[in-house]
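S.K.: Given chain A, put chain B in place with the hints provided.
Heads up: the sequence lines are chains A and B, in that order. So the first sequence is residues 1 to 496, counted in the working numbering. So the second sequence is residues 1001 to 1456, counted in the working numbering.
Be careful, since some hints might not be right.
Pulled from the structure, derived: some chain A residues nowhere near chain B, Cβ distances all over 12 Å [stated by the list, open to error]:
#1 THR37
#2 GLU73
#3 ASP128
#4 GLN294
#5 HIS303
#6 GLU340
#7 SER367
#8 VAL382
#9 SER416
#10 ARG449
#11 PHE479
In silico negatives: residues of chain A with every beta carbon more than 10 Å from chain B [claimed, not checked]:
#12 GLU42
#13 ALA164
#14 ILE184
#15 LEU300
#16 GLY315
#17 LYS325
#18 GLY361
#19 ALA414
#20 VAL463
#21 GLU475
#22 SER496
Label pairs and their in silico Cβ distance ranges [unchecked claim]:
#23 A/GLU466 <-> B/ARG1291: 51 to 59 Å
#24 B/ALA1063 <-> A/ALA375: 45 to 53 Å
#25 B/ASP1418 <-> A/GLY331: 24 to 32 Å
#26 A/ALA164 <-> B/PRO1281: 50 to 58 Å
#27 B/LYS1434 <-> A/GLY331: 34 to 42 Å
#28 A/ALA309 <-> B/PHE1376: 35 to 43 Å
#29 A/VAL362 <-> B/ILE1324: 52 to 60 Å
Honestly, the hints are just simulated from the structure, not real lab data. By construction, the Cβ of each residue, glycine as well, lies at the ideal position given by its N, Cα and C atoms.
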Amino acid sequence: MRTELLGAFFLLAGIAGVAAAPAPASPASPPAPIDETADRLEALEKRYKQSLVQVRYRQQVSRSTAEPPAEEELTTTGVIVSPTGIVMVSAMIYEPFNQVPHGVGIRFPASVSRADATISEARILLLDGTEYPATLIGRDPDADVAFFRIDGGEREFTPVSFGAEADASVGEQVVVLSLLPEPIGPAVAVELSRVQAVTPLPQAGYMVSTGAPDPVGSLVVSLDGTIIGFMDALTVPVPDTRSRNPLAFLSVIRDLPKGVGRGFARPARDFVDASARIPETDPVRRGWLGVEMQALTSDLAEHMGLSAASGILLGYVYRNSPAEKAGLQVGDVLVELGEEPIAVSREEDIGAFAETVLRAGVDSELSLGYLRDGARQSATAVLEPAPISAREAETLKVGELDLTVRALTYDYLATSFLDPDQKGVVIVQPPVAVSSNPNRVAPGDLLVRVGERAVDDLDSLRVVIEEIRTTQPDEVVIFVERGRESFFFAVKPDWS
Amino acid sequence: MSFDTKKLSLWLGSVAALVLGVAPVTAQTLQEQILAARDKVTPALVNVQPITDVYSSGERRSATGVGSGFIFDNEGHVLTNYHVAGKAKRLIITMSNKQRVPGVLVGGDPLTDIAVLKLELPVGQVLPTPVALGDSDALDVGEYVMALGSPLALQRSLSFGVVSSKDRYLPDSFKLPSGEKTGSFNTWIQTDAAINPGNSGGPLVNLRGEVVGVNARGAFGASSIGFAIPVNIVREVAKQLIDNGHVPRSWLGLTFQPREELAQYFEADSVPGVVIRSVEPDSPAERVGIRAGDMLLSYRGERTSAQFTEELPGIYKRIADTPIGSDVDVAIARGRDVLELRVTTEERGQSSSDEMEYESWGFTARGITRELALEFNLPDSTGVFVAGVKPNGAAFRAQLFPGDRIVAIDEAPVASLDQLGASYREYDSGEREKVLLTVMRRHSRRWILIEANYAN
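Isolated chain A, as found in the complex (with noise of 0.2 Å):
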């Protein structure tokens, strides 16, 4: 089934997919009629308005790159998972940049979202007119999902069950249950429609007509009343990959009419056991090979003289990652994973190779067969749980200093060719005033040094800064490393 739908990629499927539909997989019974399908939409809405939710919340948001990030109110839908009150919401939360007015939200690279994703004053209203104020817990970066605790005491809340097994067809009938922003609502809007597309891995999940005018976080589910899908936003064609220029994306936002018609769902599997998953202190980690890969086409392969016509090249072995474990090295062609060959022959298959790997989990033993100079190889890699990225790196925001930093990680160890040990921290957003700056610091910069002291990371930086409170000094002198190069620049800090 699955390679069968990589074909069918979403831009290509449409009105012909629709007509080749072959029967909906799971569906109990033949298309209902009319009347009976009212009953069972009733249904559904009154099933569901006691899980979906309106989630308000305050963020420092920048509309573009050229204002200032100001601090709005926004909403975004939810849906209660747990009887304890753990509401699911997209990722997008955290990237509010991505986000336009009256919620149709669009994902972008996370280099082009600069936004500040601190969230605070959080109020989950629930349909049946309750409001509690809730707290933010934690995101699953892998499934692209943040959780919500609601501080509402004793009371039972009634979850939704993502379902292993859910699968839908192009085509096939489906209900959008989204809700309908102020002042109308919030309220649930219960909606007829059809898988449009099923899109290929990586971004494996539904296209789905709907009309709802923020369908982030609505539930895609069967007539059936099964959840299929979670709507975890809208996307759009991205302009042209070459381009180097943020601005180019942001013009799409800006030029992007309310409401395109059209959602993406990620499929119910993704979200199973999302309760359980739920991180208590840590983001949930998936199972990690550490590595980057490249498809091995036939050409290269022919090329290359491989006796193997499909696999994996690998362009680089992170360090200290379960690959270098393993004895992988750059240049290295996976092409067997357990007893299977490895059918990558296109980028574009790559996504299903690195999905095996997500869901083997921590611990899993991955045995690999791999080509090096020719001869056939084996390892055997046991899976870890993934590194922290600068993406959901730790930040630290030092308000004297005007300066924010976030923690070292193996990503921009990685692009930037240092060494595992390395010491320091992250400049996210450097202070505006500073003086003695001959390069201008500049986010990425790495502060190694402040003052006398050495800042080997977070908790150091926060141990001097505790010491700089107590003497208030009237300058403060950072010295940071650019690569190869190294500058000194001093901040004048408020001690107001």
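M.R.: Showing chain B alone in chain A's frame:
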């Protein structure tokens, strides 16, 4: 930048009116002085039209521009800016009598933005009287100067003003339009004599008719702010270019910043020096243990001190001017300790690199110099940089990207632009239609299979 003749003449008019009204005797003298100075310089003025290769979107094209220059010796050498003619394949030079003569490039120096050309006068033709080079150190702020040249190709134009500043420092990250760093070794003369595109390479002249600077740039979004390279620097560089074709410079791998507000931190109030902000890996300075945060107190027995940025070029220049391979004594302050060290200078090497087109593969590439590797934070300078990829060409279809670093061709290492060029010619005349480039894209390796785009 727009060129506003009306504004210029109004301004000149008001200067004249002011001077005439307030001090008629001086005005008379000033006018005479201007005309006399003009007459001394004008015959030696030339208009320089370079024909250069420009590379854009993965292709090489010919381009031309316009700049100014002036004859400064009896051999027919012409001074101009590197950014005007430093990369010229061919030169069309127009003398002040409107006669066109051929010329050749003798040498160019991007770091000071100076190039020297040589006129190839037809037999029997007399060289105009060269300009006299003055002393830029003797200039005063407020002193009258005039700029001559071809702003916007308007030949033999003269503008007039004063020296606004004589030690303006433009940061050493300043770049020429070709992307090369410039200005590390000199401060600039700032003037309000109008300097517009095309003035580049022309002389800045004092009232005695001596050249005190080479006009090099204006300021975008501003008027009455132009910059000239002091002639005392120009004189040295020109001599090196004529003698060697390039300017040999020493290098230690140090970059500095002024003490300014850092003085307190470095407890430097009583110990004047210059703060070492960066020590390049694998440099002479690193090998003797100099570290970022040290302070350089003296170099070859002479004090080195920089409280403000404009004092930095002098220190950089002093190091650069040391004969290559010299053993040099330096004094370093580290905290309260003073270290006496001996360090051996090395040749600085080229800062920029050439670009080359690989037409049937559909991209252009540049060599990677030590400085480029530093700037782009590469671990080393092996390989060549992909500078441009021709849309819909062979490399484009194979998803080669600008910024990729080619490290191997059909699995044989590529160390330099010349080596890639040799391979290219071999492939281009051979039978094979596919070539495998191994590239580094940031930290990650990629394999790019290019199917050459042969027309026949």
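S.K.: Now tell me, hint by hint, if it's right for this structure.
M.R.: Now for the hints, and whether the structure bears them out:
1. The Cβ of A/THR37 sits about 48 Å from the closest Cβ of chain B, beyond the 12 Å cut-off, so the non-interface label holds.
2. Against chain B, the non-interface label of A/GLU73 holds: every CB pair exceeds 12 Å, the least being about 39 Å.
3. Residue placement check: A/ASP128 keeps its beta carbon more than 12 Å from all beta carbons of chain B (closest about 52 Å).
4. The beta carbon of A/GLN294 sits about 6 Å from the closest Cβ of chain B, which is not more than 12 Å, so the claim that it is off the interface is violated.
5. Against the 12 Å criterion, A/HIS303 falls within the reach of chain B, whose nearest CB is about 5 Å from its own CB.
6. Look at A/GLU340: its CB is around 23 Å from the nearest CB on chain B, clear of 12 Å, so calling it non-interface holds up.
7. Even its closest Cβ contact with chain B, about 24 Å, leaves A/SER367 beyond 12 Å, as expected for a residue assigned away from the interface.
8. With a least CB separation of 23 Å from chain B, A/VAL382 remains clear of the 12 Å interface cut-off, as annotated.
9. With 12 Å as the threshold on Cβ separation, the claim that A/SER416 sits away from chain B is violated: the shortest Cβ distance comes to roughly 7 Å.
10. The beta carbon of A/ARG449 is not kept farther than 12 Å from every beta carbon of chain B, the shortest such distance being approximately 8 Å.
11. With a cut of 12 Å on Cβ distances, A/PHE479 falls inside the contact zone with chain B, its closest approach being about 7 Å.
12. Its beta-carbon lying about 52 Å from the closest one in chain B, A/GLU42 satisfies the requirement of being farther than 10 Å from that chain.
13. At roughly 34 Å, the least C-beta separation between A/ALA164 and chain B is larger than 10 Å, which holds for a residue marked as non-interface.
14. No beta-carbon of chain B comes within 10 Å of the beta-carbon of A/ILE184; the shortest separation is about 48 Å.
15. Listed as a non-interface residue, A/LEU300 fails to keep its Cβ farther than 10 Å from every Cβ of chain B; the least gap is roughly 5 Å.
16. Against chain B, the non-interface label of A/GLY315 is violated: not every CB pair exceeds 10 Å, the least being about 4 Å.
17. Even its closest Cβ contact with chain B, about 19 Å, leaves A/LYS325 beyond 10 Å, as expected for a residue assigned away from the interface.
18. For A/GLY361, the requirement that its beta carbon stay farther than 10 Å from each beta carbon of chain B is met, with the minimum near 25 Å.
19. The beta carbon of A/ALA414 sits about 5 Å from the closest Cβ of chain B, which is not more than 10 Å, so the claim that it is off the interface is violated.
20. Look at A/VAL463: its CB is around 19 Å from the nearest CB on chain B, clear of 10 Å, so calling it non-interface holds up.
21. A beta-carbon of chain B is positioned within 10 Å of the beta-carbon of A/GLU475; the least distance is around 6 Å.
22. Listed as outside the interface, A/SER496 is consistent with that label: its C-beta sits roughly 20 Å from the nearest C-beta of chain B, beyond the 10 Å cut-off.
23. The hinted range of 51 to 59 Å is not satisfied by A/GLU466 and B/ARG1291, whose Cβ atoms lie roughly 27 Å apart.
24. Between B/ALA1063 and A/ALA375 the C-beta distance comes to about 52 Å, which sits within the given range of 45 to 53 Å.
25. Range check, B/ASP1418 to A/GLY331: Cβ separation about 26 Å, and the 24 to 32 Å hint holds.
26. Roughly 52 Å separates the CB atoms of A/ALA164 and B/PRO1281, a value that falls within the hinted 50 to 58 Å.
27. Distance hint check: the CB atoms of B/LYS1434 and A/GLY331 are about 19 Å apart, inconsistent with the given range 34 to 42 Å.
28. At about 36 Å, the CB distance of A/ALA309 to B/PHE1376 agrees with the hint of 35 to 43 Å.
29. Between A/VAL362 and B/ILE1324 the beta carbon distance is about 57 Å. The supplied range of 52 to 60 Å therefore holds.
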